[in-house]
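Residues per chain are reported as follows:
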Amino acid sequence: MIKVINISKTFDGIKILDDISIEVSGELVAILGPTGEGKTVLLKIITGLLKPDSGKVFIDQGETLGYVFQHSALFDSLTVEENIRLPLEECSCLKEKEIRERVKIVTNMLDIEGSFLKRNATKLSGGERKIVAIGRAIINDPTYLLYDEPTTGLDQVTHDRICDIIRNLNKPGIVVTHNMDTIKKIGINIIYSLKSGRLSLYSNHGLTKE
Amino acid sequence: MAKLIEFLTFPFKSLFSAGKGYKTYERFIEHSYDIGVNSLPLIIVVGFFVGLVTTVQSFYQISNMLPKYFLGLTVGRMIMIELGPVLTALVITGRCVSAIAAEIGTMKTSEQIDALRVMKVSPESYLVKPRILAMLLSLPLLNAIMITASLLIGAIFAQVFFQVNTDIFFYGITHPFYPREFLVSFVKSIFFAFWISSAGAYFGFNVAGGAREVGRAATKAVVVSSVLILILDFVAAIIFF
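These protein sequence lines are chains S and V, in that order. Letter by letter, the first sequence follows residues 1 to 210 of this note's numbering. Letter by letter, the second sequence follows residues 1 to 241 of this note's numbering.
Incorrect hints may appear among the rest.
Taking lysine to any residue pairs in the SDA-like style, the calculated list, with each CA pair at most 20 Å apart, reads [what the hints assert, rightly or not]:
1. V:Lys20 / S:Glu96
2. S:Lys51 / V:Asp114
3. V:Lys20 / S:Lys195
4. V:Lys23 / S:Phe75
5. V:Lys220 / V:Thr9
6. V:Lys23 / S:Leu78
7. S:Lys97 / V:Lys220
8. V:Lys23 / S:Asn140
9. S:Lys185 / S:Asn140
10. S:Lys95 / V:Lys20
11. S:Lys56 / S:His178
12. V:Lys120 / S:Ile99
13. V:Lys23 / V:Phe12
14. S:Lys195 / S:Phe75
15. V:Lys120 / S:Thr64
16. V:Lys20 / S:Glu90
17. V:Lys68 / V:Gln57
18. S:Lys171 / S:Gln61
19. S:Lys97 / V:Lys23
Take a look, some chain S residues computed to stay more than 10 Å from chain V by CB distance [as the list claims (entries may be wrong)]:
20. Leu117
21. Arg119
22. Gly127
23. Arg136
24. Asn140
25. Asn170
26. Ser200
27. Leu201
28. Asn204
DEER-style ranges, computed between Cβ atoms [stated by the list, open to error]:
29. S:Asp53 / V:Arg117: 17 to 27 Å
30. S:Asp141 / V:Ile190: 43 to 53 Å
31. V:Tyr22 / S:Ser200: 27 to 37 Å
Honestly, the hints are just simulated from the structure, not real lab data. Treat the numbers as computed from the prediction; the structure is a model and nothing was measured. Where is the CB? At the ideal position from N, CA and C, for every residue including glycine.
Using the sequences plus the hints, can you model the full thing?
Okay, structure coming up:
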């Protein structure tokens with residue numbers, strides 16, 4: 001379980017997050033909010049990249065996080081395949097054969113293969129970069145996935161493809177977005193709203209009927 | 001003061017950061033190729049001109065006053081002890097240290113360093129350790145190549161234009177021969193390598209902002225490295241002579 005308790009964060013005298021608390025266990029939840037409201041800051045605090053001014057984040061022992069960055073954060077000097085396998089190469093004790101098998105499973109899930117895997121990350125479109133970033137985030141089979149604006153700046157077809165991927169992965173975690181359509185397409189039921197630094201429950205039955 | 005301590009401890013933290021040995025080795029080879037092999041043409045060209053200028057200047061100073069073998073002695077000492085290690089380090093600072101700062105800085109601004117942290121990969125081990133090790137290997141070797149190129153072209157030029165036989169020129173270089181002088185050159189190179197690669201990585205790591213800050217980090221890395229080379233050179237002169 002991810003447990004965020006009374007998190008506050010201030011940047012340059014402006015309170016970005018004000019006493020935020022949220023729990024995520026077995027479901028994918030969405031945090032909806034306009035740009036600049038601190039959604040990314042909240043995810044970075046959960047992953048430990050930023051320290052909160054006050055409050056705490058607890059993640060159950062043995063549980064791990066995968067993070068899909070807003071701008072993908074792929075390694076430009078590496079190919080698609082090298083980007084996806086990097087976490088296994090650097091942090092796991094798996095042998096080369098096992099790594100290859102795991103990469104194959106993930107690339108099949110994402111429906112990417114062949115020459116695409118050999119392409120350099122700099123040669124990818126925005127949507128392709130997002131897909132590779134998802135691949136890299138799931139290669140270690142984390143317990144939770146955090147998606148930071150996974151569909152921003154994408155055309156409708158790519159948007160729908162990424163929503164399908166996220167839905168089919170069926171992993172608990174958090175999707176932060178300003179796009180209601182993304183939440184609808186993924187089919188997320190529990191939706192929070194982050195506005196003026198405060199988090200509130202927006203809906204616990206999705207957006208399909210609204 | 002805190003920043004200075006951070007800067008001074010940064011390379012040691014990086015070298016002792018946890019990471020898979022064979023992956024560090026792979027990246028070490030890659031960076032050694034980039035710093036060492038790809039810098040060879042530039043180092044040889046610089047070495048040639050350093051050798052030519054030093055020979056011409058030295059001959060002008062000693063001609064008609066001292067025996068001819070003094071030309072080899074003067075050029076050899078100047079290049080081996082001083083110009084070789086210092087100019088090699090300054091050239092590599094311009095070519096590689098700025099690139100290290102810019103590359104790591106760009107990775108910082110594009111969240112690639114954050115991505116490593118989320119993956120539980122030590123960015124210091126992934127990015128800094130292999131670069132420092134590659135510089136520690138490459139710079140002394142490039143220094144040796146710079147010295148060799150300078151002395152060879154100096155000897156040829158002295159024979160052709162000043163009628164100083166190459167045997168006499170090389171006799172001057174090797175008589176008297178003090179191993180300490182030879183050693184100093186490489187010890188200096190090792191210290192330069194350690195600190196200039198650390199400076200490049202440190203300023204890259206501390207970029208906050210965008211493209212302009214990456215440019216500034218590269219500039220700072222070059223300026224600080226250049227000053228460090230001169231300071232360390234002075235310290236070495238006091239310690240060894």
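Here is how each hint holds up against the structure:
This hinted pair checks out: lysine 20 (chain V) and glutamate 96 (chain S) have alpha carbons roughly 14 Å apart, not beyond 20 Å. About 13 Å separates the Cα atoms of lysine 51 (chain S) and aspartate 114 (chain V), which keeps this hinted pair within 20 Å; it holds. Of the pairs offered as hints, the one joining lysine 20 (chain V) and lysine 195 (chain S) is violated, with about 43 Å between alpha carbons and a cut-off of 20 Å exceeded. This hinted pair checks out: lysine 23 (chain V) and phenylalanine 75 (chain S) have alpha carbons roughly 16 Å apart, not beyond 20 Å.
Only pairs whose Cα atoms come within 20 Å are accepted, and lysine 220 (chain V) paired with threonine 9 (chain V) is accepted, the gap being roughly 18 Å. Note on lysine 23 (chain V) and leucine 78 (chain S): the hinted pairing holds, with a Cα-Cα distance of about 14 Å set against a maximum of 20 Å. Only pairs whose Cα atoms come within 20 Å are accepted, and lysine 97 (chain S) paired with lysine 220 (chain V) is rejected, the gap being roughly 44 Å. Taken as a hint, the lysine 23 (chain V) and asparagine 140 (chain S) pair is honoured in the structure, with Cα atoms around 18 Å apart against an allowance of 20 Å.
About 25 Å separates the Cα atoms of lysine 185 (chain S) and asparagine 140 (chain S), which puts this hinted pair outside 20 Å; it is violated. For a cut-off of 20 Å, the pair hint linking lysine 95 (chain S) to lysine 20 (chain V) stands: about 13 Å separates their Cα positions. This hinted pair does not check out: lysine 56 (chain S) and histidine 178 (chain S) have alpha carbons roughly 25 Å apart, beyond 20 Å. Between the alpha carbons of lysine 120 (chain V) and isoleucine 99 (chain S) the distance comes to roughly 17 Å, so the proposed pair stays at or under 20 Å and holds.
With a C-alpha separation of about 19 Å, the suggested pairing of lysine 23 (chain V) with phenylalanine 12 (chain V) holds against the 20 Å cut-off. For the hint linking lysine 195 (chain S) to phenylalanine 75 (chain S), the alpha-carbon distance of about 33 Å lies beyond 20 Å, and the restraint is violated. For the proposed pair lysine 120 (chain V) and threonine 64 (chain S), the alpha carbon gap of about 10 Å is at most 20 Å, so the pair holds. A C-alpha spacing of about 7 Å is found between lysine 20 (chain V) and glutamate 90 (chain S), which places the hinted pair at or below 20 Å, so the restraint holds.
For the proposed pair lysine 68 (chain V) and glutamine 57 (chain V), the alpha carbon gap of about 14 Å is at most 20 Å, so the pair holds. Straight-line distance between C-alpha atoms of lysine 171 (chain S) and glutamine 61 (chain S) comes to about 18 Å, which keeps the hinted pair within the 20 Å bound. For a cut-off of 20 Å, the pair hint linking lysine 97 (chain S) to lysine 23 (chain V) stands: about 17 Å separates their Cα positions. The non-interface label for leucine 117 (chain S) is consistent with chain V: the shortest C-beta to C-beta separation is roughly 19 Å, beyond 10 Å.
With a least beta-carbon separation of about 18 Å from chain V, arginine 119 (chain S) lies farther than 10 Å from that chain, consistent with its non-interface assignment. Glycine 127 (chain S), annotated as away from the interface, keeps every beta carbon of chain V farther than 10 Å; the closest lies near 18 Å. Separation of arginine 136 (chain S) from chain V is inadequate, the least Cβ-Cβ distance of about 8 Å not exceeding the 10 Å criterion. Its closest Cβ contact with chain V, about 8 Å, brings asparagine 140 (chain S) to no more than 10 Å, contrary to its assignment away from the interface.
The non-interface label for asparagine 170 (chain S) is consistent with chain V: the shortest C-beta to C-beta separation is roughly 21 Å, beyond 10 Å. The beta carbon of serine 200 (chain S) sits about 27 Å from the closest Cβ of chain V, which is more than 10 Å, so the claim that it is off the interface holds. Every C-beta of chain V lies more than 10 Å from that of leucine 201 (chain S), the closest at about 27 Å, which supports listing it as non-interface. Every beta carbon of chain V lies more than 10 Å from that of asparagine 204 (chain S), the smallest distance being close to 29 Å; the non-interface claim holds.
Restraint check, aspartate 53 (chain S) to arginine 117 (chain V): a C-beta distance of roughly 20 Å satisfies the suggested window 17 to 27 Å. A hinted range of 43 to 53 Å holds for the C-beta pair aspartate 141 (chain S) and isoleucine 190 (chain V), which are about 44 Å apart. Separated by about 50 Å at the C-beta atoms, tyrosine 22 (chain V) and serine 200 (chain S) break the suggested range of 27 to 37 Å.
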